[in-house]
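S.K.: Now for the letters of each chain:
There are 2 protein chains.
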Amino acid sequence: MGGSKIFDPPPKYSLLGGSKIFDPAPKYNLCFVCSVVLNMLLVVYLFVGDTKWMPSWSRMAAMEAEAVAAESCSGHGRAYLDGLLVDGMPVCECNTCFGGPDCSQISPDCPADVDSGNPLFLEPFWMQNAASGALLVSGWHRMSYSYNDHSSVSGELEKHIRKLHSIVGNAVTEGRFIVFGTGSTQLLNAAVHSLSLANLSSRAGVVTTKPFYPAYKTQTDFFRSVDYKFLGDTSMWKNSTDGNVSIIEFVTSPNNPDGLLKQAVVKGPHAKAINDHAYLWPHYTAIPAPADEDLMIFTLSKLTGHAGSRFGWALIKDEAVYDAMSTYASQNSFGVSHDTQLVALKLLKFVVQGKGREIFDFGFETMRNRWEILSKTLSVTSRFSIQEIEPQYCSFYQKVRDPSPAYAWFKCEREEDEDCYTVLRAAGIITRAGTLFGADSRYVRLSLIKTQDDFDLLIRKLNILVSEEDGAKTM
Amino acid sequence: MGGSKIFDPPPKYSLLGGSKIFDPAPKYNLCFVCSVVLNMLLVVYLFVGDTKWMPSWSRMAAMEAEAVAAESCSGHGRAYLDGLLVDGMPVCECNTCFGGPDCSQISPDCPADVDSGNPLFLEPFWMQNAASGALLVSGWHRMSYSYNDHSSVSGELEKHIRKLHSIVGNAVTEGRFIVFGTGSTQLLNAAVHSLSLANLSSRAGVVTTKPFYPAYKTQTDFFRSVDYKFLGDTSMWKNSTDGNVSIIEFVTSPNNPDGLLKQAVVKGPHAKAINDHAYLWPHYTAIPAPADEDLMIFTLSKLTGHAGSRFGWALIKDEAVYDAMSTYASQNSFGVSHDTQLVALKLLKFVVQGKGREIFDFGFETMRNRWEILSKTLSVTSRFSIQEIEPQYCSFYQKVRDPSPAYAWFKCEREEDEDCYTVLRAAGIITRAGTLFGADSRYVRLSLIKTQDDFDLLIRKLNILVSEEDGAKTM
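Going down the list, the protein sequences come from chains C and Y. Numbers 1 to 475, taken from full-length UniProt numbering, label the letters of the first sequence in order. Numbers 1 to 475, taken from full-length UniProt numbering, label the letters of the second sequence in order.
Keep in mind that a hint or two might mislead.
Since copy identity is lost for identical chains, a pair holds within one copy or between any two.
As the list claims (entries may be wrong) - Each computed DMTMM-like pair below joins lysine to aspartate or glutamate, with the alpha-carbon atoms no more than 20 angstroms apart:
hint : residue 1 : residue 2
1    : Lys159    : Glu93
2    : Lys399    : Asp361
3    : Lys349    : Glu64
4    : Lys349    : Asp87
5    : Lys217    : Asp227
6    : Lys159    : Asp87
7    : Lys411    : Asp115
8    : Lys317    : Glu174
9    : Lys267    : Asp292
10   : Lys52     : Glu469
11   : Lys317    : Asp402
12   : Lys461    : Glu358
13   : Lys355    : Glu156
14   : Lys317    : Glu358
15   : Lys376    : Asp456
16   : Lys355    : Glu174
17   : Lys238    : Asp402
18   : Lys267    : Asp318
19   : Lys262    : Asp402
No lab work stands behind these hints: they were computed from the structure. Predicted, not measured: the structure shown is a model, and the values here were computed from it.
Bound conformation, chain C alone (with noise of 0.2 angstroms):
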C-alpha cells in the first residue's frame, strides 16, 4: 500500500505540537482536532454551557410565546398569545390608527384618542425586558380556592407590596393590614361599604371635590345601597358635618385629572377619607413623604401598567374595616384571581429587585417629556391652557423634579369655546369632558399615558390647532 505521501509531515501543520502519533498525516490530522475541537465545542454548548437546559412540559408554552412575540407588527402594534389566528399565524392588533397586516399603514384622517387612562406608555418598558416579565403558568397553579394559610391572599405577593413602598417611600406599611381587590375598582365600593357599616341612622354620604374620577359617584351610585348615597362635592361639608350623617370622602393624590396633590377636607367625628393613590408613583408625581392616612388604595395599573390584570390592594390602619373590607371582597369575588397574584409578584419582583429605578426611570422620562412637548406645543397660544404643575422636591430621587402628570387638565380659554370637548373634537381630538369630573364644560382631560402613538398624533393635531389659530390671526 503506498500513498503514506499523503501522510508526510511538514511538522508545522501540527496542532499538537508535533507529537508523534499526529506527525505522520498532517493534514488528515488538522480535519481529526478540527472535528474532536467541534465536538467538544458542541458537547459544552449542549450539555455545559449556559444553554445546558432544555425546556421539558413547558417547551410548547414558551415557544407559542415567543412566536407570537416575534410578531413586530411594525412598532404600531402587537400580536397577543389569545389573539385570532389567520393561517396559523398570530394576527397583529394594531395601535388606534394604524392598520394592515403589519400595522404599517396609518389611516389620515383618523382622530387622535387621548380619552381613556390606559397606561400603554409601559407597554415598551416590558417589551425591553421581556425575560425579567415572563411567567411560566402550570395547569394546576394553586386550583384552591385559597392559600396554603386559609387566606386568599399570597403571603409572598404581600412581603413584596410592602417592600415596594418602603423603597419607593411613597406610604407608610406598618402597622397595616392589606386587603387585595378586583383592580382598585372593587375595592373603591368595598371601602365605601365597609366605612358605611359604622355609620349614624341615615345613609353615609359619599362626597369627593372637584374635578374628581368619575368613578366615584358613578359606582356608588350604581350599587344602591341602604347605607350610602352619593352627595356631591365636599364643599358643602368643609367645615362642619351635620350630625346625623357621616361623610365618607374621596381623596385622589395626586388627583385624576389635574395630578395636584391633595388632602382630605371634610373633618370631624364622622368624616372617613378613601384615600385613592393610584398616581402615587415617581412616574407621575414629586414623592413629599410616605402617605400615612387610615385607607389608602392603589393599583398595580398605574404602577406596572397592567390595566388589563385588574389587581389593586389597600393598606387599612383599622381592624374592623379591614375585616369588613376582606369579607366584601369574599362575598364580592370570593377574592382576586390566582393567576392575577402570580403575574403581580413576577412583575413587581422584577421592580423591587432593582429598586425600582429601572420602571421609575423609564416613567418618570417618558411622561416628563410627553408634559415638556404638551407644554411647548401650548405655549404659542393663550386659547388653551393647561394646569400648572411647580417642579417639587422628590423623596425618591432626592432632588427637585419636574412634573410628569398622567394627564392634562385642558381648557379653552376663548369665550365662545364654552364646550371644550366640542371643540377639541371638531380638530379630530377625542378627550373626555370635563363635565363628567364634575367641573366645568371649558375643561377637558387628555390622557398622557397612552401609547407612543396616540401621544404623537395627539401633538400632531394640537400642532394643526394652534397653527391655524395663527393663520387666523395674520389674516
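Chain Y: place on chain C using the hints.
M.R.: Relative to chain C, chain Y alone:
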C-alpha cells in the same frame, strides 16, 4: 520518521470501505470517523430534530416553573411558583394532615376535612397533562383595560366556551349573550342586581329551595341593596307570586348540596330565575339535555378545577339583562383579569381539542369511584344515610351512567343524633352543617371533590365510626 506501522491496515477495519485515503491509518481513521459522526449527530440534535428550538427570553421563566414542578412532595403536596423559598429551594405545601419537608409525614390525629368545595380532585389531571396546561405569559400581555374591539371579553375565549357547550350538550348558546365574571360569585349578585332593576314598587324578593347553596343568602343580605332582599325558601311562593313582589329564584342544577337536577318552581309574570349550573358537567351528573333557560351561570371552578382563577360566565337570552350584567361587571371590577382569561382559554383549548373526553373521563371515573366507596362504607350501617341518585341516561356519554355527585348529603338517622355536624366532628370529620343550607341539623354536606388524601381520610374515619358502632352493637 518511523511509526508508519501504526497506520498500517488490516483493511477490514476501514469503515469507509477501504478507499485509499483512509487506508494507511485505520485506528486513527476510526477515531476521525467517529468524531465526524458524533458531530453530525450533535448538529442534528441541536438544529434539526425535535429539540431544535431553544427558548430565548422565556427560558428563565420556563426553568423556574419546571424546577418548582420537579418537587414531588411525596404525592401529598406540591410546590408553587409563588410559594416560599428556603435556601433557594421551593417549599412543599402539603395536603391537609400531611407535613414534613417533603409532605411524607401524616399527622396521626388530624381530622378529615371535607368541608369546602375545593375541586382539587382535578389537580392530578393537570399534572398528568403538564404540557397541555402550561402557559407562558409575556410581561406585556394585554395591558390595556380592554380587548382590541373595546370589549372586556376575550373573543377567542367566548368562542371556546360556546364550542364547549356544544360538545358537552349541556347548554344552548345560540342566541345567547355571554358576560364574564370574576368567578360565578360575582355573576350571582350581578344577576340579582340586574333582574331587580325591572322590579315593581317594592324590593324584589330573592328566594331558593332548601337545601340551597349558602352564598345566595349571605351575598344577597351582604350588599344591602334598596332593590332586593332575601326572602328564604320558595315554598311560600310556589303557586302564585304576590302582585306587588318580583321574585328572583336561584335554581341550582344539579343542586348543591344534594346533586339533584332541579327546575324553577316559582311561576308567574313577576318570577325570574337564575339558573346556577356550576355542576352541570359530566364529572358530576348525567346530562339529560341542553339547558335552555333565560339566565344560566357556569364556572371554571367546577369544570377544570381552577377555583383559584376566579372565572365564571353567564349565558343570557335577554339583551337588557345582558347589558345590565355587563355594566355590573364593569362598575364592580372593570371586567375580568386578562391573565385569568388567558389561563381559561388555554385550559378550554385543551378540553375542546379532545372533545372533552380526557377531562370528563378522568372526572367522572374519579367521582363515581368515590361515590361507590362511600356508598359501600355506609351500606353496613343504618345510623347514617346519603341521598339516593338513580342511574340516568346521559346525552354526553350516550348511555345510562352511574351517579357521581360532587357532595354527599349526609343524614344522621338516629333520634339522638340531632346535631349531625357535632356527631361527625367528634369522629374526626369536619363537614358543612345542614343548617347553613337552610336544612335540618340532622344533615351535613360531605365534599367529595377535594384531594384523594382528603377522601381517603374521610373513608378511614367513617370506617372507624361504623365499626365502633358494630362493636357497640355486639357488646
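S.K.: Please go over all the hints and tell whether each is borne out by the structure.
M.R.: Hint by hint, here is what the structure shows:
| no. | hint | result |
| --- | --- | --- |
| 1 | Lys159 <-> Glu93 | between (36 angstroms within a copy, 18 angstroms between copies) |
| 2 | Lys399 <-> Asp361 | within (14 angstroms within a copy, 64 angstroms between copies) |
| 3 | Lys349 <-> Glu64 | between (24 angstroms within a copy, 14 angstroms between copies) |
| 4 | Lys349 <-> Asp87 | between (37 angstroms within a copy, 17 angstroms between copies) |
| 5 | Lys217 <-> Asp227 | both (15 angstroms within a copy, 18 angstroms between copies) |
| 6 | Lys159 <-> Asp87 | between (45 angstroms within a copy, 18 angstroms between copies) |
| 7 | Lys411 <-> Asp115 | within (15 angstroms within a copy, 59 angstroms between copies) |
| 8 | Lys317 <-> Glu174 | within (9 angstroms within a copy, 50 angstroms between copies) |
| 9 | Lys267 <-> Asp292 | within (17 angstroms within a copy, 55 angstroms between copies) |
| 10 | Lys52 <-> Glu469 | neither (64 angstroms within a copy, 61 angstroms between copies) |
| 11 | Lys317 <-> Asp402 | neither (33 angstroms within a copy, 54 angstroms between copies) |
| 12 | Lys461 <-> Glu358 | neither (32 angstroms within a copy, 56 angstroms between copies) |
| 13 | Lys355 <-> Glu156 | within (17 angstroms within a copy, 38 angstroms between copies) |
| 14 | Lys317 <-> Glu358 | neither (31 angstroms within a copy, 49 angstroms between copies) |
| 15 | Lys376 <-> Asp456 | within (14 angstroms within a copy, 72 angstroms between copies) |
| 16 | Lys355 <-> Glu174 | within (19 angstroms within a copy, 52 angstroms between copies) |
| 17 | Lys238 <-> Asp402 | neither (31 angstroms within a copy, 68 angstroms between copies) |
| 18 | Lys267 <-> Asp318 | within (18 angstroms within a copy, 47 angstroms between copies) |
| 19 | Lys262 <-> Asp402 | within (18 angstroms within a copy, 65 angstroms between copies) |
Hint compliance for this structure: hints 10, 11, 12, 14, 17 are broken, all remaining hints hold.
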